[in-house]
Structures are given as structure tokens and as C-alpha cells.
Amino acid sequence: TAGITQAPTSQILAAGRSMTLRCTQDMRHNAMYWYRQDLGLGLRLIHYSNTAGTTGKGEVPDGYSVSRANTDDFPLTLASAVPSQTSVYFCASSEQSYNSPLHFGNGTRLTVT
Amino acid sequence: GENVEQHPSTLSVQEGDSAVIKCTYSDSASNYFPWYKQELGKRPQLIIDIRSNVGEKKDQRIAVTLNKTAKHFSLHITETQPEDSAVYFCAPLRGSARQLTFGSGTQLTVLP
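Which chain is which? The protein sequence lines are A and B, in order. Per our numbering, residue 3 is the first one in the first sequence, and the count goes up by one each step. Per our numbering, residue 327 is the first one in the second sequence, and the count goes up by one each step.
Any given hint could turn out to be false.
In the DSBU-like style, the derived pairs of lysine-lysine whose C-alpha atoms are separated by at most 30 Å in a straight line are [what the hints assert, rightly or not]:
no., chain 1, residue 1, chain 2, residue 2
1, B, Lys-384, A, Lys-59
2, A, Lys-59, B, Lys-348
3, A, Lys-59, B, Lys-363
4, A, Lys-59, B, Lys-368
5, B, Lys-397, B, Lys-348
6, B, Lys-394, B, Lys-363
No wet-lab data here; the hints were simulated from the structure. Computed from a predicted structure; not experimentally measured.
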């Protein structure tokens, strides 16, 4: 089935540990995004990539890093997790970097203890 | 940055009635205005979008209207059904940064 695959589905992580959330798309979309969703705050953009080889910071980038080595993959890394990073993380892609619908993955539920 | 406000935050309607959700934004350069639906435990999905060169767009029971002068756009759902129960997000495009800014969401409940 075409779309976006995120892994893992859920994770419990000890504070101070590092973790990489994986995201792969098979739609050959140029742009990819990472959002976090917290109750009452909607979806907030962490990092984005308009095309392979480029990345940019969103609204809440601190504590996170990304890379875009190729079109399909856009991993999100937490170098040293803190409890405030407990959230649901959604990866998304769009055909172009603007004016295009976002296609979301199923999300990763992360709990930092 | 872009200020986006959605109203109301919760909305309950009887099945068959209409529902209207309003989104106001601050960036006058915004030119793309989508609405996303998120069912409980699921991912957000686009349900309708509009660009700044039109004032209204309709897709079956769903419509979006845009007032660029007043900087707001609204989602209209007619003949509501229980499966319309979900959280709805507006996400106007920030013109300068070319990124979507999501509203905080509206929980719509359709009562049978």
C-alpha cells in the first residue's frame, strides 16, 4: 500500500537516552515534515525538508535533528530525550513544498520517563 | 509568526443538522487554506482546501468559504452524520515561510 510508514508505533524512553524515529514514503514526494501533537495544541512543525538534501527548522526544533539523504527517508533524532518531548509524532509528505495536501503517517507515540 | 485561531473549540450538533467551524489568521500573504479531519487515534487527513483566487469550494456535504479581506475561512458540513464526529483542524499557509500553521482544533460531536 502506497503512503508513509513510521516506526516504531510506540516507544517508552528513559530521559537522557537518544532515539531515532523513522519515516519512509513511497510516493516520490519532494517535501517531508515532522510534527508533534500535544493535547490542546494541535500539530506543531518540528523540522521540514523541501527536497532531498535540504532541511529547515519549524516552530519547535529544539532538541530534535533531521536528515534527508534521499527522497524517501526522513528520520527524526532526539539526541537526549526529556519528559517534555512526550508526544505523538507524525511524519508527513507533500508533492510540493507548498500549496499541496499533506499525507500523514500513522504516528509514533513516544513517552519519555 | 502566523496567529491562527479556531472557533469553537467544541461543537455538538444533532444528526442531520449543519456545523460551521471558523478559522482566523493573521498573515495577509496566506494563499492556501486547507481543512484536515482527525478521527480518534488516527492520522489527520485532508478533507477540503481552497486557494486565494476563489471564495468558495464545495465537495458534496462539505464546503469551505474564504474571506481574505477579513482574514478568515470557514468549514461548513451539512446533513451531519455520526461518522463526521472527529477533530477538525484548519491550517493556513504562512506566506512568508511557506509552511502550514495548524489551528488548535475543533472537536465535533454528532449526536444520533
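Sort out which numbered hints this structure fails and list those numbers smallest first. Those not satisfied come down to hint 1.
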